[in-house]
Amino acid sequence: MADKILTKHFGLDNLFKIDAYLKNEGYAAAKKALSEIKPDEILEEVKAANLRGRGGAGFPAGVKWGFVPKDIEKPKYLCVNADEGEPGTFKDRYIMNHNPHLLIEGIIITSYCVGINTAFIYIRGEYEAVALRLEEAISEAYDKGFLGEDILGTGFKLDVYVHRGAGAYICGEETALLESLEGKRGNPRLKPPFPASVGLFGCPTVINNVETISNIPSIILNGAAWFCKVGLPKDGGTRIFGVSGMVKKPGIFELPVGTSLKKIIIEHAGGMKEGKKLKAVIPGGMSAPILTADEIDINMDFDSLVEAKSMLGSAAIIVIDEETSMLDVLRRVTKFYSHESCGQCTPCRIGNSWINKIVKRMAEGGGKKEDLDKIIQLANNMLGKTLCPLGDAAAMPILSIIQKFRDELETYFEN
Amino acid sequence: MSPELTDRTKKKIEEIASRYASKEAALLPVLHLVQREVGFISPQEEKQVAHLLDIKPIKVEEVVTFYTMYSQEVTGKYHVQVCSNLSCSLLGAELLIDHLKDKLGIVEGETTADKKFTLTTVECLGACEQAPCMMINFDYYGNLDKGKIDDILDNLE
Amino acid sequence: MVKIFIDERELDVAQGTTILKGAESAGLKIPHLCYHKAFLPEGTCRMCLVEIEGIPKLELACSTQVRDGMKISTKSESVIEARKGVLEFLLAEHPIDCPICDKAGECKLQDYYEEYGSFDSEFKEAKEKRQKRIDIGKNLLHDQERCVLCRRCVRFLAEVTKTEELGVFQRGIHAEVSTFEGIPVDNNYSGNLAEICPVGAITDKDFRFKTRSWFLKSRESICPLCSRGCNIFVESHQGFSRFQLPKRVYRIRTRENQMINGFWICDKGRYDYAYLDQERLDKIVVNNSQDSHSWPEITSLVAGEIGRLYHMKRSAHIGLILQSWLSNEELFLIDKIFRDDINIEKICFLDPPEENADDFLLTAERSPNIRGAKELGFDVQPADWEKFFDDVDLLFVFASPIKNESDAEPLKAALDKIDTTVLFATHNHEINSSFDIVLPMSLIAEKAGSLTNIVGSVQGFYPALDAPGDCKPAWQFLVELANKLALNLGFYNQFSSPASIREVMKKEISFFREEQ
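Heads up: the sequence lines are chains A, B and C, in that order. Quick note: the first sequence, position 163, residue 163 per the numbering used here, numbers continuous. Quick note: the second sequence, position 133, residue 1133 per the numbering used here, numbers continuous. Quick note: the third sequence, position 342, residue 2342 per the numbering used here, numbers continuous.
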């Protein structure tokens, strides 16, 4: 039985209440970290664990924390990215709903390590029920002395606030998240400077995904070596895979990094729905290039997916069946990105809209073969040329769908 | 002409603003608060909020028009937001949207004459394992079919 | 200093410079739309992407800092493709308004399309329809279809005037620049918006449909409407052979000078240029008659009148009213001729009254050379008119455009009582008819010289326009007059140009000797 880290106690009643949490190793890691371990040692441990970001980009958390300048007069901030907007992704919702204290505990240790006294959980506005649960849990944590002044008598001080977004996928991008948190439009910023040096209110800021931070307590308790053993040496721990689409049992499945995609779909998610045949799989959220039915024999870790010219992203697996038109899939993709583009930079603003207009025309029966070539050219003019990764997030799936399902798409055109 | 925000709301706004290094950062949470109280965010509310947070009203308008959850017009008592993204579409969201249009007699973006329901389609709600799903105000409903939708809507006062 | 290579050309640039600035310092242009020297890099147009050796992705020239040994290509295949890509995107949603757009001929989109594009449109969809011809305040019209969302206008109003009348609303392809609740742009620097807009999204009503940019000759000058001395371009029509145009000057543009006005000029300096063409006095008028007279004739006449009184030892009965629109050189000559040579005592200034300064460029002083006059030893305080006009036989008045009736008040009553009155004027005005001799003078835009601004900067200027009709620059008349008077033989012979006058000023007065 594979180790479960994040969902370990999910079956328990009222795990979201602090009393239940405390009864199950709750806040033991925070206690250990704050009283026994130096911040520098925590940083080294997290680096050694090869904990890669679970929001989509996969950047090593320890390395990111290490970029924060040590001797600086400004306050430092932690922003937990709970925007969860990547289509197909719903894992963070589970963590925050069922085990909010795990996240809070992770926040405490992270903040202690980096020298942060104020943390914001930037949660998407639609997750109102989850936000209320988080606020409840935070309130409980304050009451029990895990947050606020002089935590556990160590002198460490930390305030945590829940900050709601208001419907913008782009705010999952770290610099757009900062802009949004500062009360502005979610327009990504130019990098450099990077948030680690100039972030929230111009201060050094760490931004990490909910799942990433939620792994910290177990790394503290069990060590980096253990974390790497659970997963892979260069990519430690588990992932919460979210499966949706035409499977029998859609839902979350916490499994070691490197688990086979085929296994996840067929064994854990119960395989295809009755009478449906598998046609395609999106492995890591809508931004990940699509895989054909022949390509699902692949291990779900960052490197393997890069090698397959796709990405692990948010580990959100969307399973598509033979009866679904790939033109329809393409239509959902282009509609989404054109709707979510912030509009700042030329290629994304106009590129996404133009491609969406072409695909809409195609879906309404007015498509021609050369339209596909045009879309490819436009997508390539977005790829690598935009201010933020949303341009790539749009271009990659569009290009992969056309490349791998061109024959089918051409059947939809007038002769 | 909308009435002024209540003292209670103004106090809450002050409290929220105190969490941040700059008052402007309180804007998104404050707009949620105001929309809950007033039902929408018109230029009147924008000016009031701007005044309370020491920013220019134009900055508030910039934000209100950027984010999809803020409405500048009155919406129905129940804002029915149906996900039309990939997983939900795979599981038949389009048919459910058509069903809702028939049932309510309106198209996307419209409100019923009795001001009870507003219907919109939205992008991924983050509940794909329960596709097809919708959000009514802030409540999620998943694993929908025509019958379930009818049940849910018919039971809303 | 750091050594970089742009298109294999070796350059030395300062540490911390961006690629774009470094290239520009070597005369290499990298196309850009959202970047403007006055603001921090925005990075959104994506037009300035360049290739850097060793870096897989193209990088922005406007915001990437140079590093020692950096090898940059602005002409590689991938860069050319990227540029075409950006242009194609912009043009896809851009209305082809060129035939009716005032920006034609100076539009970045046109220029870059010609240089880097020249492809056919492959956009087969419906363009977004937006509002056009929106009056956003003062002289500005906004066209949302032409807008490329560079946000230069929004940034200008946020960072320079801090008035923030414009914002960006909606998102994605629906993003648009607009005012809030119709509250118009209303500040003294609004005209700069039409200038910094790289396309015809914000245009100037003052220039709308008047002419084409390629008919205009752009010449350097200095704005004389206050004492800031902002650097400007006077843009005049080159004229058509077949018919006359109603005016010469079609607009005033800002000219960058980091020591004086930075990147901007105020709306007063930008829009109050009608005086350059309207109601100009361009011929010599004596006793209100239609008879024509020549300059040599008049110069002799005036010299005669002065000489007569001088030799009768009645210099004290000659009055001289000056204005601070005269250049440093002209005031210097006046000082020499009237104070030193003729020994005139009755000298005073009649400048336009002070008005409100703004908190940026516009000064309360509303003439350009008050400081210059002071440095030349003149007292610019308002005169005691009763005392001044007591027993005056000969009066000389140097007048800039008289706009307010109140400017002319002190003169009107006194003129009848004086034997001979000479007006050096630039415009037709009711009061001209009260003078015996009216002489047409060139404006600052039509001559050369220097002015001293409020903080003591001496700025040289050259003619931006030809002087109309018989107009003469004051300095030239003064030299000719001095030669006729022959009171200081030889001294004035050396003055063939304002520059030569300035050379002598530098020798005689330490203020003008100091490095400007």
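No lab work stands behind these hints, which were simulated from the structure alone. The C-beta atom is built at its ideal place from N, Cα and C for all residues, glycine as well. Certain hints may be false.
Claimed, not checked - Straight-line alpha carbon distances no greater than 30 Å define the calculated DSS-like cross-link-like pairs of lysine-lysine that follow:
#1 Lys-2129(C) / Lys-191(A)
#2 Lys-2129(C) / Lys-369(A)
#3 Lys-1101(B) / Lys-360(A)
#4 Lys-2129(C) / Lys-234(A)
#5 Lys-234(A) / Lys-47(A)
#6 Lys-184(A) / Lys-2313(C)
Said to hold, decoys possible - Quick list of the computed label-pair ranges, beta carbon to beta carbon:
#7 Ser-2213(C) / Glu-73(A): 48 to 56 Å
#8 Glu-2122(C) / Ser-1022(B): 41 to 49 Å
#9 Val-1107(B) / Ala-48(A): 41 to 49 Å
#10 Asp-297(A) / Lys-2075(C): 40 to 48 Å
#11 Ser-1022(B) / Glu-36(A): 30 to 38 Å
#12 Ile-2100(C) / His-1051(B): 36 to 44 Å
How the hints compare with the structure:
Taking the CA atoms of Lys-2129(C) and Lys-191(A), the gap is about 33 Å. The hint is violated against a cut of 30 Å. For the suggested pair Lys-2129(C) and Lys-369(A), the alpha carbons sit about 27 Å apart, so the restraint of at most 30 Å is met. Pair hint Lys-1101(B) plus Lys-360(A) holds up; C-alpha atoms about 21 Å apart against a cutoff of 30 Å. The suggested pairing of Lys-2129(C) with Lys-234(A) is violated, with an alpha-carbon distance near 52 Å, which exceeds 30 Å.
This hinted pair checks out: Lys-234(A) and Lys-47(A) have alpha carbons roughly 10 Å apart, not beyond 30 Å. With a C-alpha separation of about 78 Å, the suggested pairing of Lys-184(A) with Lys-2313(C) is violated against the 30 Å cut-off. A beta carbon spacing of about 51 Å between Ser-2213(C) and Glu-73(A) agrees with the range 48 to 56 Å that was offered as a hint. Checked against the hint of 41 to 49 Å, the C-beta distance between Glu-2122(C) and Ser-1022(B) comes to roughly 46 Å, which is consistent with it.
Checking the proposed 41 to 49 Å range against Val-1107(B) and Ala-48(A) shows it is violated: the Cβ atoms sit about 57 Å from each other. A beta carbon spacing of about 45 Å between Asp-297(A) and Lys-2075(C) agrees with the range 40 to 48 Å that was offered as a hint. Separated by about 37 Å at the C-beta atoms, Ser-1022(B) and Glu-36(A) satisfy the suggested range of 30 to 38 Å. In this structure, Ile-2100(C) and His-1051(B) meet the distance hint of 36 to 44 Å, their C-beta atoms being roughly 42 Å apart.
Taken one by one, the earlier hints fail for this structure at numbers 1, 4, 6, 9, listed in ascending order.
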